Amino acid sequence: MAVDVRLPTLLRPHVDGAASISADGATIGEVFGELSSKYPGLEGQLVDESGSLHKFVNVYVNDDDIRYLDQLDTKVSDGDVVSILPAVAGG
Amino acid sequence: MSFAAPLVRLTVSQYERILAHCYHGLPDEACGLLAGPVSNGDEPTGVVTEVYPARNAAASARVYTVDSGDQLRAMRDAEAHGVEIVGCWHSHTNTDPYPSPTDIDQAKWYPTWLYLIVSLRDVAPMLRAYRIRDGVAAECAVTLERG
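Keeping their order, the protein sequence lines are chains X and S.
Under this note's numbering, think of the first position of the first sequence as 1, with each following residue one higher.
Under this note's numbering, think of the first position of the second sequence as 1001, with each following residue one higher.
None of these hints come from the bench; they were simulated from the model.
Any given hint might turn out to be false.
Stated by the list, open to error - The calculated label-pair distances, taken between Cβ atoms and stated as ranges, are:
#: 1; chain 1: X; residue 1: 2; chain 2: S; residue 2: 1026; range: 41 to 49 Å
#: 2; chain 1: X; residue 1: 8; chain 2: S; residue 2: 1005; range: 37 to 45 Å
#: 3; chain 1: S; residue 1: 1147; chain 2: X; residue 2: 75; range: 15 to 23 Å
#: 4; chain 1: S; residue 1: 1145; chain 2: X; residue 2: 70; range: 40 to 48 Å
#: 5; chain 1: S; residue 1: 1061; chain 2: X; residue 2: 49; range: 27 to 35 Å
#: 6; chain 1: S; residue 1: 1020; chain 2: X; residue 2: 79; range: 37 to 45 Å
#: 7; chain 1: X; residue 1: 19; chain 2: S; residue 2: 1026; range: 19 to 27 Å
#: 8; chain 1: S; residue 1: 1079; chain 2: X; residue 2: 70; range: 25 to 33 Å
#: 9; chain 1: S; residue 1: 1082; chain 2: X; residue 2: 70; range: 42 to 50 Å
#: 10; chain 1: X; residue 1: 52; chain 2: S; residue 2: 1145; range: 42 to 50 Å
If you're wondering where the values come from, they're calculated on a predicted model, not measured in any experiment.
C-beta atoms are modelled at their ideal positions from N, C-alpha and C, and glycine is treated no differently.
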């Protein structure tokens, strides 16, 4: 399954400056695994040490937040758009 | 200072919407996003075309996280209007309108943005605006315009 992954500005230097890249996988976890092995700079940016989605990263499959689906086990289909957006947070 | 601090131009009705959302959110912090044009790449011009009140997913009096669905909807709406998300705003319920260490740390994700903070500590609200980059906060002047 090839999906289109859209990256925020701050992560683009890790993928040679690209705003979006194509990646394969049946789930978000697999897509992120492939991305991290291809682009080691992404390691730790999307998934935390415990293997969960990073607290301050929002990931959407098309318009759906994967936190409200199956998190990293959320299935993706050919042609899906996966958008990564840092959360807007503070204190 | 190595980055520009534009004049932030809010209309009176935008300002009122921001304040109303902040008071409505009490006792928790309230938050939202700002849309506007950019120049020189991603630099906000200071003009604000829309304010988007958002839910505070953290539901806390000490911290805020813009609800992820509200964030995506605001981004899509801004794109549809040919502008971009250029900043965010949130309330400090009991402290000065100055970026907290958490605000400064989190700003690394959106280094070009304008950060507006509304303090509700006193009877009269205080709104201040900042650019935050490389751990440094610089205040921007704010004007209120008719509309």
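Here is how each hint holds up against the structure:
no., hint, result
1, 2(X) <-> 1026(S): 41 to 49 Å, "47 Å, holds"
2, 8(X) <-> 1005(S): 37 to 45 Å, "23 Å, violated"
3, 1147(S) <-> 75(X): 15 to 23 Å, "47 Å, violated"
4, 1145(S) <-> 70(X): 40 to 48 Å, "47 Å, holds"
5, 1061(S) <-> 49(X): 27 to 35 Å, "29 Å, holds"
6, 1020(S) <-> 79(X): 37 to 45 Å, "42 Å, holds"
7, 19(X) <-> 1026(S): 19 to 27 Å, "39 Å, violated"
8, 1079(S) <-> 70(X): 25 to 33 Å, "27 Å, holds"
9, 1082(S) <-> 70(X): 42 to 50 Å, "35 Å, violated"
10, 52(X) <-> 1145(S): 42 to 50 Å, "45 Å, holds"
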